[in-house]
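Colleague: So the sequences go chain by chain: A and B.
If you read the first sequence in this note's numbering, its first letter stands for residue 17, the second for the next number, and so on.
If you read the second sequence in this note's numbering, its first letter stands for residue 263, the second for the next number, and so on.
Simulated from the structure, these hints should not be mistaken for lab results.
For each residue, glycine too, the CB sits at the ideal point set by N, CA and C.
Careful, some of the hints might be misleading.
[To be verified] Now the in silico label distances, taken between C-beta atoms and shown as ranges: (1) B/Glu489 - A/Gly118: 55 to 61 Å; (2) A/Leu76 - B/Phe339: 28 to 34 Å; (3) B/Pro281 - A/Val102: 24 to 30 Å; (4) B/Glu423 - A/Gly118: 33 to 39 Å; (5) B/Thr508 - A/Asn83: 39 to 45 Å; (6) A/Gln158 - B/Lys541: 44 to 50 Å; (7) A/Ala160 - B/Ser283: 53 to 59 Å; (8) B/Lys279 - A/Val64: 35 to 41 Å; (9) A/Leu76 - B/Asn458: 52 to 58 Å; (10) B/Lys541 - A/Thr86: 48 to 54 Å; (11) A/Val102 - B/Gly584: 27 to 33 Å; (12) B/Lys446 - A/Glu105: 25 to 31 Å; (13) A/Asp133 - B/Gly537: 47 to 53 Å.
[What the hints assert, rightly or not] Only part of the chain A face toward chain B is listed, based on derived beta-carbon distances under 7 Å: (14) Thr36; (15) Gln98; (16) Asp107; (17) Ile137.
The primary structure of each chain is shown beneath.
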Amino acid sequence: MGTKKDVDDRFKKFGTVSFTSISKINDFISHLEEGKVMTTKCTECGFVFFPPRADCSHCLSSSMEWNEITGTGKLVTFSTLQFAPVGFEDDLPYSIALLDYGDYKVFGRIAGDVPDDEIKIGMEMTTAVNTLSNGQLNYVFQKA
Amino acid sequence: MGKVAIIGVGQSTFVRKYPGSIKELAFEGFREAMNDAQATAKNIDASIVCSAPEYDKQRSPAGVFAEYLGLNPQPTFYVESLCSSSSTGLRLAYSMVKSGLHDMIAVVGFQKMSEITSAESQERMGRGADIQWESPFGTMMPAYYAMYARAHMEKYGTKPEDLAAIRVKAATYGQINEKAVYRKPVTMEMFSDPENIMGRPVASPLRVGDACANADGSSCLIVASEEKAKEFSKKPVWILGLGAATTTVNLAGRDLFSGLTAARQAGEQAYKMAGVTPKDIDVAEVHDCFTIAEMMAYENLGFAEPGGGKELIQSKETYKEGSIPVNVDGGLLSKGHPIGATGGSQIRTIVHQLRDEAGDIQVKNPEIGLIHNIGGVGLYGNVTILGR
Ligand SMILES: [Zn+2]
Chain A
17 MGTKKDVDDR FKKFGTVSFT SISKINDFIS HLEEGKVMTT KCTECGFVFF PPRADCSHCL
77 SSSMEWNEIT GTGKLVTFST LQFAPVGFED DLPYSIALLD YGDYKVFGRI AGDVPDDEIK
137 IGMEMTTAVN TLSNGQLNYV FQKA
Chain B
263 MGKVAIIGVG QSTFVRKYPG SIKELAFEGF REAMNDAQAT AKNIDASIVC SAPEYDKQRS
323 PAGVFAEYLG LNPQPTFYVE SLCSSSSTGL RLAYSMVKSG LHDMIAVVGF QKMSEITSAE
383 SQERMGRGAD IQWESPFGTM MPAYYAMYAR AHMEKYGTKP EDLAAIRVKA ATYGQINEKA
443 VYRKPVTMEM FSDPENIMGR PVASPLRVGD ACANADGSSC LIVASEEKAK EFSKKPVWIL
503 GLGAATTTVN LAGRDLFSGL TAARQAGEQA YKMAGVTPKD IDVAEVHDCF TIAEMMAYEN
563 LGFAEPGGGK ELIQSKETYK EGSIPVNVDG GLLSKGHPIG ATGGSQIRTI VHQLRDEAGD
623 IQVKNPEIGL IHNIGGVGLY GNVTILGR
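Just chain B, with the same shape it has in the complex (with noise of 0.2 Å):
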């Protein structure tokens, strides 16, 4: 069997409310994706559609996607998991076209999370954990990851500064990312100010400048087998590694605290299956939900020894010009973070980059990056390497 190309790829504008309904919304990623792999419905023999299930009002979208984009009768199917959804979809528009079943796949991520009302979203987010053993204790996903970064500072004397720089960094290329729904500047002085809101405490040790923006978007990859992407595609980008990996979702079942697990594992399976080591890595994406989640990524791919993440930030080596740039699109933290197309958009930042058309946030001559997507707090942790 041939090797696997991404030939297109496409995301919407991240923005507060999205003025459409979901299918509107999904047509946004999938035309550009279309465009940028000059493929015609017709050349689509399958799609995978991703999203976490409890911001939709509609029952099953990928039927409804199916029509909206002119992809009857192909089959379509659904996955699921949570933040990770199109990292998964990837995973398996990866299987079905090495195994010949497909040979190109749209994978179309999104998420309306204006689809339910705020009293609406105010609920599911405290359904978040395992509802019968944590959920009635009255936890929220940021309570959970500052669990993290409490138990990061403990054992290495990482700052509240450490994690705020990482805020800095994604806010300096949210201003110049076009489709960041966040688009202001962050400074370290406005996590001081009493009076601003990004340090206001959210559940500490973790502060509101620490979590992302939420989002409504989309997001679309055209997945191709090595024939169709050679046919269609001057500068296909290869898939070279995949990782997935889980995690109990009660922190009772959990051993570390310092860093997820799933993530870390997810990591060098890809690492193993690209032939790669950390430091072949040009530029790379990584879930940063909250701040500490990225400072947390560059421990457990390998960029920095554990407790190495906070001088790998201040010396500013994750910057574009750094010795590995990391979300230098705002990552979620600016750019947002629409759960079922995030890992899409994450995708189509590296697979830019790879091809050098990642204008203003270039890296030079990038030959191999990495994604590394995680789904609820560490449960899903998901790892792809591309290289051109």
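Looking at chain A on its own, in the form it has when it is part of the complex (with noise of 0.2 Å):
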């Protein structure tokens, strides 16, 4: 009993349906819950990576800090889908996406209320945490 207490699976709250739930950057949830979206910076190379990692395939380095994304990003490329995968059907429609922030870039959703025909290709967008309707964490873009 003690000894399952122990287990950290923050991960299990990220997005629609979690796919995974043990990993050693579960940090990312505890700051989505303070409602920051953060990156990991190499302390050795300095290299940014997002996705956020544990591990520098630059300089082979475990040594991380957190940084916060603020500002804008520039949208590269969506889609909005009319079909989604099992467990994301209530969700429908909604537009996946990607922003550049130029030192990285971050995969993620538009948020619901940006209106279709206002999404273009290359608009300044900003990332923001979201609670979804069951309770679960991600992040969207939202209009800057």
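Using the supplied hints, reconstruct the complex from the two chains, each of which is provided in its own coordinate frame.
Modeller: Quick look at the structure:
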């Protein structure tokens, strides 16, 4: 009983359906709970990673620091889904998208309240934490 | 070391629901290839089995197939690179023959997508990306390729009709391919008819008609050393060039969205190894899992400049009579896409073309053919160049 409590499965809170729960970077979820979407930066070589990671593929260090994503990114591309995988049907229709922040890119969803006809490649958007109707957490892109 | 040849090719008919087991399905492609090579199981000194394992109930299919195909006690190996598994199998077979370790190898690709229930298949569809960072947003293959289509349209002014024209071409040839799963004609009008399913949005800007047909199927290639090829075959087809590359699974790690970098890099490697240029290619099979994928293939392989793919299809240059015939067997769009069998089926078509045995879809006197086979959303790029 006591040992089971020690399992850090915070990642199960990520997204409409989470497919994994145990990762060395589960602090990402605690930061989401505080309203922050974070990158990791290698303290040895300075490389910034999104998605965040525990290990640096450039210098093989595992020393990382967390930094908040702030400011705006440019919309690279997107698609609005009319069909969804199992477990995501209630979210339809929704748009998946990629934002370019220069040093890194962020993959996620466009906020549901952005009208379809206002979504344009190249537009400036921000990244914000979002609580889903089932209580899960993710992040969405909003008009800047 | 001598050259390496393909001396036998086979595939099953691609169908929605195969009425048999996976080993019986594999047997169909194997038998056709063995008859084609006029070989017996004794001649085969190793086998390579290729599929995407998430559709299998059977653990380690390679061992099961070795028994059923009569290939014991020879060694067998299993490889996977999603939809390009059997091109990866060919690359391994080439290496194993070139090294002298083996001299005749059967590369068996298969997928029985109906092995699992439609609900199970839907569930797996949702796990097609990085399950930690992208799948929790509700992603699926059509939406990823749609993001590429959107970027291509934005950058080059490509229209949905340009993509639909690729579907129409595929159906032109799917109708006359007895092994194709989708044998009906498709017209441009079907995309604009609100009553027709072809034009129904799936993931904008892609529509139902932009997506390939799922299928069960198997394929088989018999790969041989130069010495064995000359002993067994009057018309060996030689492997001239091989290219393989990868990119990041996460879209966040990529820089290009109007093309597939792994396809371009694999193409460059294969052209260099074969000592040829895009102009030398007489007939090609490209991985048209979606119409946009064929459009990008034209450009990534150098059949057109970046952005020039739409002119290539609109001028019908990729039809059988055009300057660079592409997917004149119906492609994945009409022939069907049984994941692990697809590359082998593409290679089979080019081998038939180079032997002048392609029947109704034969292009005129081809010397050099190319196969472009992609795994995942541009994740694994594989290009093979064959010559007679
Ligand atoms: Zn580092």
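Colleague: Which numbered hints turn out to be false for this structure?
Modeller: 5, 8, 11
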